[in-house]
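Enquirer: Take a look at the letters that make up each chain.
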Amino acid sequence: MSKTLLEIKNLTTSFRIGEEYYAAVDDVSLNLQENEVLAIVGESGSGKSATAFSLMGLHNRAKIEGEILFKGRDIANLPTSKMNKIRGNEISMIFQDPLTALNPLMEIGKQIGEVLLLHKKDMSKQERRDYSIELLERVGLPRPERVVDQFPHELSGGMRQRVIIAIAIANKPELLIADEPTTALDVTIQAQILDLMRELKDDLNSGVILITHDLGVVAEMADRVAVMYAGQIVEIADVESLFVNPQHPYTRSLLSSVPATDFAQDRLHVIQGIVPSLKNLPREGCRFKERIPWIEDTAHEEDPQLHEISENHYVRCTCYQHFYFPEESKEEQTNGVTES
Amino acid sequence: MWKFIVRRLIITMPQLIVLSLVVFILASMMPGDALTGQIDPNISPEAIEQQRERLGLNNPWYIQYGDWVTGVAQGDFGQSYRFKMPVTDLMWDRMVNTFWLSLISVFFIYALGIPMGIISGRWNDKLIDQLITGYTYLGFATPLFIFALVTLWVFGFQFGWFPTGGSVASGLEPGSIEYILSKIHHLLLPGLSIALIGLVGTVQYLRSEIVDTKQKDFIITARAKGAPEQRIYNRHIFRNSVLPIAAFFGYEITMLITGSIFVEQIYSYPGMGALFIESILLRDYAVVTALVLLFGLAAILGALLSDIILSIVDPRIRIK
Numbered sequence: 001m002s003k004t005l006l007e008i009k010n011l012t013t014s015f016r017i018g019e020e021y022y023a024a025v026d027d028v029s030l031n032l033q034e035n036e037v038l039a040i041v042g043e044s045g046s047g048k049s050a051t052a053f054s055l056m057g058l059h060n061r062a063k064i065e066g067e068i069l070f071k072g073r074d075i076a077n078l079p080t081s082k083m084n085k086i087r088g089n090e091i092s093m094i095f096q097d098p099l100t101a102l103n104p105l106m107e108i109g110k111q112i113g114e115v116l117l118l119h120k121k122d123m124s125k126q127e128r129r130d131y132s133i134e135l136l137e138r139v140g141l142p143r144p145e146r147v148v149d150q151f152p153h154e155l156s157g158g159m160r161q162r163v164i165i166a167i168a169i170a171n172k173p174e175l176l177i178a179d180e181p182t183t184a185l186d187v188t189i190q191a192q193i194l195d196l197m198r199e200l201k202d203d204l205n206s207g208v209i210l211i212t213h214d215l216g217v218v219a220e221m222a223d224r225v226a227v228m229y230a231g232q233i234v235e236i237a238d239v240e241s242l243f244v245n246p247q248h249p250y251t252r253s254l255l256s257s258v259p260a261t262d263f264a265q266d267r268l269h270v271i272q273g274i275v276p277s278l279k280n281l282p283r284e285g286c287r288f289k290e291r292i293p294w295i296e297d298t299a300h301e302e303d304p305q306l307h308e309i310s311e312n313h314y315v316r317c318t319c320y321q322h323f324y325f326p327e328e329s330k331e332e333q334t335n336g337v338t339e340s
Numbered sequence: 001m002w003k004f005i006v007r008r009l010i011i012t013m014p015q016l017i018v019l020s021l022v023v024f025i026l027a028s029m030m031p032g033d034a035l036t037g038q039i040d041p042n043i044s045p046e047a048i049e050q051q052r053e054r055l056g057l058n059n060p061w062y063i064q065y066g067d068w069v070t071g072v073a074q075g076d077f078g079q080s081y082r083f084k085m086p087v088t089d090l091m092w093d094r095m096v097n098t099f100w101l102s103l104i105s106v107f108f109i110y111a112l113g114i115p116m117g118i119i120s121g122r123w124n125d126k127l128i129d130q131l132i133t134g135y136t137y138l139g140f141a142t143p144l145f146i147f148a149l150v151t152l153w154v155f156g157f158q159f160g161w162f163p164t165g166g167s168v169a170s171g172l173e174p175g176s177i178e179y180i181l182s183k184i185h186h187l188l189l190p191g192l193s194i195a196l197i198g199l200v201g202t203v204q205y206l207r208s209e210i211v212d213t214k215q216k217d218f219i220i221t222a223r224a225k226g227a228p229e230q231r232i233y234n235r236h237i238f239r240n241s242v243l244p245i246a247a248f249f250g251y252e253i254t255m256l257i258t259g260s261i262f263v264e265q266i267y268s269y270p271g272m273g274a275l276f277i278e279s280i281l282l283r284d285y286a287v288v289t290a291l292v293l294l295f296g297l298a299a300i301l302g303a304l305l306s307d308i309i310l311s312i313v314d315p316r317i318r319i320k
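Top to bottom, those sequences are chains A and B. Take 1 as the starting number for the first sequence in my numbering and just add one per residue. Take 1 as the starting number for the second sequence in my numbering and just add one per residue.
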């Protein structure tokens, strides 16, 4: 049995708007084993990136409640000076947009060297440079001894993302947080980057939290998936059960919004409405209720909880038992569920 | 890097030629010439015509231009009508004075403006920022010549802390410690006046750049690396924010050399600006022409300096 690397208990991250605090991440509990990939999926604004930023302590003026136990130690609300010893060292992060995530005025080698300088004080300048070249080679950049002296604008998007990955793995982190690592890249490059990440994860035996809205990436990479909506986890399951047997209306809507390549579906499902803004989040009852108005109110729980419907498969609210797509009739829906 | 500088230098050549042409044409369009009003009115027109011929004033304009440019290139700007001495000799002392005034102004502008901009940008919307920003609005609204008059009156006449005119106290041995101290003493008040008004642009630029830069993605990357806040400001935010200031540096110097005209006049500081105004009022055309050419030259060199500095600090600018 592998060890638990990270345990998040009742994490609530709130931002101040005017005089009041609004929770962007609401009572999220998760855990992650070593060498496991947990994907967090959801639309923009569902709180998935806010969760990742809370783990890194990167929020500027947010109120963070709950516990973030990293290797048994609570790192929520750790003072910056202590957090700085962990960030980039034991926990590191890969960012969404490689075009803006690198300092345009600093050589690649110095940007990698910085994370070494900060955490490996005994390394000399030459050692840092040599190790940077080694890392660049490790992430598959051609001619690393040239790249090390180049500036970000001289590299392509895919190459820059490899540089960012090199920075992230420089200190062999135990936890790697990837915030939409492939969103800004071409499809062909995406596959390469995902392959690279999986390879590195196995090498370093580190846990990975993969934030994405791309279900293809989830299927490719993840061991377990947490689906977030409006700051809450609505469903969490092993990747197979989630794709084969999705339960929560939101998960099912997401999955049926993905174009299939077999042309069986002639129209894509569109989820009605948009994710409510932070200020207008419904704080009571089922948060997804507004976007499935054809489901009777009685189907929802008053204070929706996560229910374990099979081993390691949790679903929030009772509405999943009554959910059907408006395109189908109610009778078809019952067959639909048993089929899948 | 060197390629870029050489290429940039080559570009300044046609600029210089155009500048000299414009100055020459403007000068020849001014009424009168070297002989008007300088000579005894009783001399016969034939004798004057003879002199004109001898001085080359009857030559076609391009030959006159050629003569003039040849002279200028050798440092010969002709004679000042008023001071009856070569313009070059006349300007030299003035240039040195203006140079020191500009230098001390630039020093105060950056020594005060950069820390103010950094503080204002780092703690934006805090009380300290509001105070600094409030000051910059006042500074923008205050004309320099009014401000200079007020400082002169308050610190020069009322308190008597600073001399009210000249560039050095009389009767001191040039080169001695007292002489240098007296020079500095004379420079402080005009220099500070220029700087206190001149720095507002720098402060506002720097502030808005810092506010902008600190929300950039690469700052989050730096935080995620575990870099302490001080390092983030020094290594990542400041360097990226200082680009427009660096780009502006050359123009700033140009503006100081040409722009201290009023201040020099107000403080009776014997610099090029004061000389320029006096020469215009007395129609000392040779001096005016030389000064216009010098100011133009300063503008071209300032732009050149700006480009070179920018190419040093921003790798994206460098031309391959």
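These aren't lab readings, by the way, just hints derived from the structure by calculation. Yeah, the Cβ is synthetic: ideal placement off N, Cα and C, and Gly gets one too. Incorrect hints may have been included.
With a cut-off of at most 27 Å between alpha-carbon atoms, the simulated DSSO-like pairs for lysine-lysine come out as follows [as the list claims (entries may be wrong)]: (1) Lys3(B) to Lys172(A); (2) Lys279(A) to Lys214(B); (3) Lys3(B) to Lys120(A); (4) Lys3(B) to Lys279(A); (5) Lys85(A) to Lys216(B); (6) Lys110(A) to Lys216(B); (7) Lys63(A) to Lys214(B); (8) Lys201(A) to Lys289(A); (9) Lys279(A) to Lys216(B); (10) Lys279(A) to Lys71(A); (11) Lys110(A) to Lys214(B); (12) Lys9(A) to Lys125(A); (13) Lys110(A) to Lys9(A); (14) Lys9(A) to Lys85(A); (15) Lys3(B) to Lys63(A); (16) Lys120(A) to Lys63(A); (17) Lys3(A) to Lys172(A); (18) Lys63(A) to Lys126(B); (19) Lys110(A) to Lys126(B); (20) Lys82(A) to Lys214(B); (21) Lys82(A) to Lys216(B); (22) Lys63(A) to Lys121(A); (23) Lys82(A) to Lys172(A); (24) Lys82(A) to Lys71(A); (25) Lys85(A) to Lys3(B); (26) Lys71(A) to Lys125(A); (27) Lys120(A) to Lys110(A); (28) Lys82(A) to Lys63(A).
Counterexamples of contact, computed for chain A against chain B with all Cβ distances above 10 Å [claimed, not checked]: (29) Gly45; (30) Pro104; (31) Arg128; (32) Ile133; (33) Ser156; (34) Ile167; (35) Thr183; (36) Ser241; (37) Leu268; (38) Ile295; (39) Thr298; (40) His313.
Enquirer: Hint by hint, which ones does this structure get wrong, listed from lowest number up?
Expert: 1, 3, 4, 8, 10, 12, 13, 15, 16, 19, 22, 25, 26, 30 and 34
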